[in-house]
Amino acid sequence: MTALAWYSAVGATLFALGLVTMLVAADRFRRVVALNVAAAGTLVILLAVAGRSADADPVLHVLALTGIVITVAFTGFGVVLARRIDDAEAAEATETAEAAGAAEEIDGDQP
Amino acid sequence: MTGPGIVDIAVGVAVLVAAAVALAVRDRLTSVVTFILLGGMLALLWTAVRAPDVALAEAAIGTGATGALLVDAVADRRSTQARSGRGRGRLVAWAAAATGGAGLVVALVAGVLAADGSGDAAPLTGAVNEAMSSAAVGHDITAVLLDFRAYDTLLEVSVILVAVVGAYALASAVPPGAAAGHAADSSAGHAVGSSAGSSAGSAAGSAARGSTPPAATLVDFLRVASPVLLLLAAWLLFAGAYQPGGAFQGGAMLAGAAILAAGAGAAPALLEGVAGRVAVTVGPLAFLAAGGAGALLAGHWLHMPPGIEAPATVAVETALAVSIGAGLATLFLTVRRRPRQIIGGDPA
Amino acid sequence: MSNALEMARDVAIVLSAAAGLLFFTAGTVGLLRFPDLRSRLHAVTKADTLGLGFVMLALSLASDSLWAAATFMLVWVLGMGAAAVSASLLGSGPEAAPEADGAPGSGTSPHDRGSP
Amino acid sequence: MVQLALQLLVAALLLNVLACLVRVVRGPSPRDRVTGVVLAGTTGAALLCTLSVLAGAPAVRSAALALVALALVVTVTVVTAELGRR
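Residue numbers (our numbering), protein chains in the order written: chain Z, 1 to 111; chain B, 112 to 459; chain U, 460 to 575; chain E, 576 to 661.
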């Protein structure tokens, strides 16, 4: 087993974990975190491929750098979007069920 | 290529465990904190695969901007429990997705190893080294970023710009019923700069409002540490010409310093009003200006103007760092729901 | 550098790294075993900062240039400052009061006197 | 000898960070969880510095500086977010 195979396996597992959770999870913040994990998985594969030769491939490093910055940009946007949707749902829930407490607020979209 | 060493195995296992924990726990804050720890481990992984530039960016962005964004979105909620679906259909979905994911892992690893074995995907190191003589900077990664693949970089800073504008537009229209008055800690501090006197003033302001003592320790620490942070940001920016570093890493350090200052009650005045708009857009604009000048003078679109390549590159990179720093900090402050205080607009 | 001197340097590096690892482990054990937030913060900040100092000492010995050693020392100084500020921020305020833990009888400060 | 010792140090410090995940998961209060970040900042800086010596990449020392300074950002964010909620 080479280092390339090991890191590809790590990266592919990260990517699959993140992708599966992002597609199946119900919670919006967890989906944002899962997308971040999947992005990290792609970067692991990319940089493992870049580091297989004696002197590492700078073009792939640049792609990884770009990927990191894009990831933080969509994380910020996704967090704002998730909060906005949660707030809208919470407002709807308090309208329909006045007595909803703080604990039930989260499941409030199915009264 | 030799087999994986102790460090490779340890880092890989740690990354996998942290990712599994971050995705498996129910509590949102736990998930986010574990993800921040995962970011630190990823920086180690990038070092282990000999990508110091990426490690630098991950350490600065992963713990600074991403961590602050995620933690802040979660921490001021009354309950941090994640919502969970129930029912048999969800179980079936999880099982199907897990099977698909396992297949994906096998296919990906097989694909990477097959591509490596076939020898078709030769590294581009040689091509870059050949072209380095025409570049204005001595570090290959900075040269690729600003010279050989300038389109990527231009579109990337544009993505940050779009994210900032989108987040601002989403956050500035407060939905009905939501708590509009986010009791921020810096109603006194936002209008002033980051000089020592104004920090003290804002600390006193938050002391008058809150029941707890102000973060006086934090203010004192920042008085000593912010010059160090800013110096480090400038060092990362300019050292990028000949060693790992550059606009992204420097910009991420700037964003971290700005977020810290905002936490201490003295959000940088640069991020407000017209100055904020200028700071967020100056990077793409400077890049476009230099690229346009290159098109006129050298005949190549996005080529640095001939004769003054080195100063133009430094200027563009400085502008990019300012833009990235301001963009990330503005994203964070938008998540805090104080758009009124950030870009100075008056969201109706 | 003579052979004996180099040997002595290697031994010093290994010893210092081992001491650093010991303190780091002590901090982690404290984080896991101590009963409330403030004792945990105490363990994390003090023991880990000392461990960081020892590791930085080992690395300064292992690296040849003076510039590298200066950077390691800067990391240590920044680490001390950041850990102290983090601990004082997290340890203050009503959220950090021992009663908030739900186990007021388990003791707060006397526990950490005899531990590393 | 030194190389092997430093490699073992990296593995052991990583184990430390993984162990602190136990506290992050068990909580109980939000601030207990954030204490894990404080530990990870210090330990992560030590790890990055060790790897920079092992891998011969001096630039990673700057990454350690960034990590140790910016670990404070998460703490500050959590504490001020709680202040805002009150």
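Honestly, the hints are just simulated from the structure, not real lab data.
Note that beta-carbon positions come from the ideal geometry of N, C-alpha and C, so glycine has one too.
Some hints could be false.
[Stated by the list, open to error] From chain U, some residues computed to sit far from chain E (all C-beta separations above 10 Å):
| no. | residue |
| --- | --- |
| 1 | Asn462 |
| 2 | Gly479 |
| 3 | Leu511 |
| 4 | Thr530 |
[Claimed, not checked] So, partial list: chain B residues that the calculated Cβ filter (under 8 Å) puts toward chain Z:
| no. | residue |
| --- | --- |
| 5 | Gly200 |
| 6 | Leu202 |
| 7 | Ala204 |
| 8 | Ala350 |
[Claimed, not checked] To give a feel for the contact side, a few chain Z residues facing chain B, derived at Cβ under 7 Å:
| no. | residue |
| --- | --- |
| 9 | Ala9 |
| 10 | Ala39 |
| 11 | Thr42 |
| 12 | His61 |
| 13 | Gly67 |
| 14 | Val69 |
The hints, checked one at a time:
| no. | hint | in the structure |
| --- | --- | --- |
| 1 | Asn462 | holds (14 Å) |
| 2 | Gly479 | violated (7 Å) |
| 3 | Leu511 | violated (5 Å) |
| 4 | Thr530 | violated (5 Å) |
| 5 | Gly200 | violated (11 Å) |
| 6 | Leu202 | violated (10 Å) |
| 7 | Ala204 | holds (5 Å) |
| 8 | Ala350 | violated (15 Å) |
| 9 | Ala9 | holds (5 Å) |
| 10 | Ala39 | violated (10 Å) |
| 11 | Thr42 | violated (10 Å) |
| 12 | His61 | holds (5 Å) |
| 13 | Gly67 | violated (9 Å) |
| 14 | Val69 | holds (6 Å) |
Violated hints, in rising order: 2, 3, 4, 5, 6, 8, 10, 11, 13; the structure is consistent with all others.
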